[in-house]
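**Student:** Residue strings, one per chain:
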Amino acid sequence: MNARIAHIASNTFREAVRDRVLYNLIAFALLLSGAAILVGQISIDIEKLVVINLGLTAVSLFGIVIAIFIGIGLVSKEIEKRTLYTVLSRPVRRWEFIVGKFFGLAGTLVVNTFFMAIGVFAALLYVSHKFVPADALILVALYFIVLEFLIICALALLFSSFSSPLLSAVFAFSLFVIGSFAEDLRGFAAMAHGFTRWVATGAAYLVPNFSAFNVISSIAHEQPVAAQLILNNTLYALFYAALALSGAVLIFEHRNLK
Amino acid sequence: MRRSYTVSLVASACAVFSLAASALLLHRNDRLRPNSTLDEVLYVSSPKVLKRASLGYDGLLADIYWTRAVQYFGYRHSQHANTYNLLFPLLEITTQLDPHLVVAYEFGASFLAPNPPFGAGQPEQAVQLMQYGIRNNPNNWKLYYNLGFVYYVNLKDYKKAADVFAQGSQVPNAHPFMRVLAAQMAQHAGDYDTAKMLWTASYQNSQDRQIRQNAIEHLRSLRVDDDVAKLQQGVTRFGERTGRLPATMTELASAEGLARIPVDPDGHPYDLTPEGRVLIHIPDDYPFATKGLPPGYTPQTKFNYNRQ
Numbered sequence: 001m002n003a004r005i006a007h008i009a010s011n012t013f014r015e016a017v018r019d020r021v022l023y024n025l026i027a028f029a030l031l032l033s034g035a036a037i038l039v040g041q042i043s044i045d046i047e048k049l050v051v052i053n054l055g056l057t058a059v060s061l062f063g064i065v066i067a068i069f070i071g072i073g074l075v076s077k078e079i080e081k082r083t084l085y086t087v088l089s090r091p092v093r094r095w096e097f098i099v100g101k102f103f104g105l106a107g108t109l110v111v112n113t114f115f116m117a118i119g120v121f122a123a124l125l126y127v128s129h130k131f132v133p134a135d136a137l138i139l140v141a142l143y144f145i146v147l148e149f150l151i152i153c154a155l156a157l158l159f160s161s162f163s164s165p166l167l168s169a170v171f172a173f174s175l176f177v178i179g180s181f182a183e184d185l186r187g188f189a190a191m192a193h194g195f196t197r198w199v200a201t202g203a204a205y206l207v208p209n210f211s212a213f214n215v216i217s218s219i220a221h222e223q224p225v226a227a228q229l230i231l232n233n234t235l236y237a238l239f240y241a242a243l244a245l246s247g248a249v250l251i252f253e254h255r256n257l258k
Numbered sequence: 001m002r003r004s005y006t007v008s009l010v011a012s013a014c015a016v017f018s019l020a021a022s023a024l025l026l027h028r029n030d031r032l033r034p035n036s037t038l039d040e041v042l043y044v045s046s047p048k049v050l051k052r053a054s055l056g057y058d059g060l061l062a063d064i065y066w067t068r069a070v071q072y073f074g075y076r077h078s079q080h081a082n083t084y085n086l087l088f089p090l091l092e093i094t095t096q097l098d099p100h101l102v103v104a105y106e107f108g109a110s111f112l113a114p115n116p117p118f119g120a121g122q123p124e125q126a127v128q129l130m131q132y133g134i135r136n137n138p139n140n141w142k143l144y145y146n147l148g149f150v151y152y153v154n155l156k157d158y159k160k161a162a163d164v165f166a167q168g169s170q171v172p173n174a175h176p177f178m179r180v181l182a183a184q185m186a187q188h189a190g191d192y193d194t195a196k197m198l199w200t201a202s203y204q205n206s207q208d209r210q211i212r213q214n215a216i217e218h219l220r221s222l223r224v225d226d227d228v229a230k231l232q233q234g235v236t237r238f239g240e241r242t243g244r245l246p247a248t249m250t251e252l253a254s255a256e257g258l259a260r261i262p263v264d265p266d267g268h269p270y271d272l273t274p275e276g277r278v279l280i281h282i283p284d285d286y287p288f289a290t291k292g293l294p295p296g297y298t299p300q301t302k303f304n305y306n307r308q
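Keeping their order, the protein sequence lines are chains H and U. To convert, note that position 153 of the first sequence is 153 in the working numbering; the numbers rise steadily by one, no gaps. To convert, note that position 19 of the second sequence is 19 in the working numbering; the numbers rise steadily by one, no gaps.
For lysine-lysine, the following DSBU-like pairs were computed, each having C-alpha atoms within a straight-line distance of at most 30 Å:
no.	chain 1	residue 1	chain 2	residue 2
1	U	196	U	230
2	U	159	U	196
3	H	48	U	51
4	U	142	U	156
5	U	291	U	160
6	H	130	U	142
7	U	159	U	291
8	U	142	U	160
9	U	48	H	48
10	U	156	U	196
11	H	130	H	48
12	U	142	H	48
In short, the hints are calculated from the structure, not lab data.
Use the sequences and the hints to build the structure in full.
**Tutor:** Structure, rendered in structure tokens:
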């Protein structure tokens, strides 16, 4: 990686840590340990399922919230504090700034997910007293969650490159919700005719499709994930993140910062 | 500095006092409006809407609804309720959110099928739930077993029970007793031995304490039913032979060639009324017994599924 990009990325990571982003790990730990102890007493036979479902859902939701709320301020905050001008007055290109920010935020989320994953496995060990080979599937779900984060980081950066933080948050969160309904949108397109069909199909392919990344429920039931799906999701996330990041670079390159 | 400390102290005291006061007021409001609890409320009754609204996190939502179903059944059961209006909708939502949550079918059917006060008295819904479970988990032989169980025990439909056990026996890795049950059901459906075999299988098939306890209670009650039926036949034979009723259980035992006075599984001798009826000494100890009960007796719920 370009040294300047790496530098911006490491600064973004440090800034996120300084902003006490990793404090969410405390809430996560409390949530999981509380659930692991409580569910055994108030429900029947789903202790392990709850730890996996709740753990992975929390990893996903905490990460999405962090990705959106940090991502939307990455550019606008630099402009507001006027630190962007200091950065850009050095031999740093605008695209390097955007890409560096992306890797910094993605790195923060990967570190965050890593610690949460340790929490999930610790809670799992607490309720099951041992690991079984099928528990390794949780790593696949975690990997898919990280892929989701890449897309959301890139989208948050895209919106942050031209809009205010509030609107960027609304846009990014709306796209996350729409992306969760992407399969329905495709179903709707299949039922429509003529022009509506074209528009609906276009929209279905334009919005991010998050449903393919959600394997939490099936993994909780120890159902394997096809290797082809892992490959397809990896490529899809990389291409979609690249698409959003390219948009962010394009907009930021032509933005009048005066 | 001192002033700031005083403000913090007053603010903290004020916060604690306000929290305590608001909790107290809520508690009083609950007592004023005893029927205002949310037990009988299902805000969103459509599983499809809930699945969409879960944004893909349907597994967690299914776990929450399953816990809610368990709590609902446990609470209503502990109140000796005769109606369980929300139970089936809660189970339906749970299983549609996560069609592979096998525990919800297994326990759900055992909540739905038995008559009150032991369950919701909705065996048709239990069948519906199990059939949905089998459609989504066709290779799980335990679901066939549970469905056959509902047909046999609750609906007394021995033909369908035999069919379901036979279907379940075809599933890969099905327990060998499925084939035995299917054959037994087809030939001797109403027999004591068949019922005993089914409840024994239920006991061996589950690791859950409550399910096993339930099976034990049924096995004990079955044994008592069998004893009472045999003793009652003995009373009839005695009458035919002597032209009168036996005066005591000792006399009956002696006439029947028994080594000692017959006792129930707890060791209590059976009672014999002057009218020649054989009765269980403490009927509350055998909640599922159908024979040997005093006239007008209603069973008590001795155990429940609600985990304390």
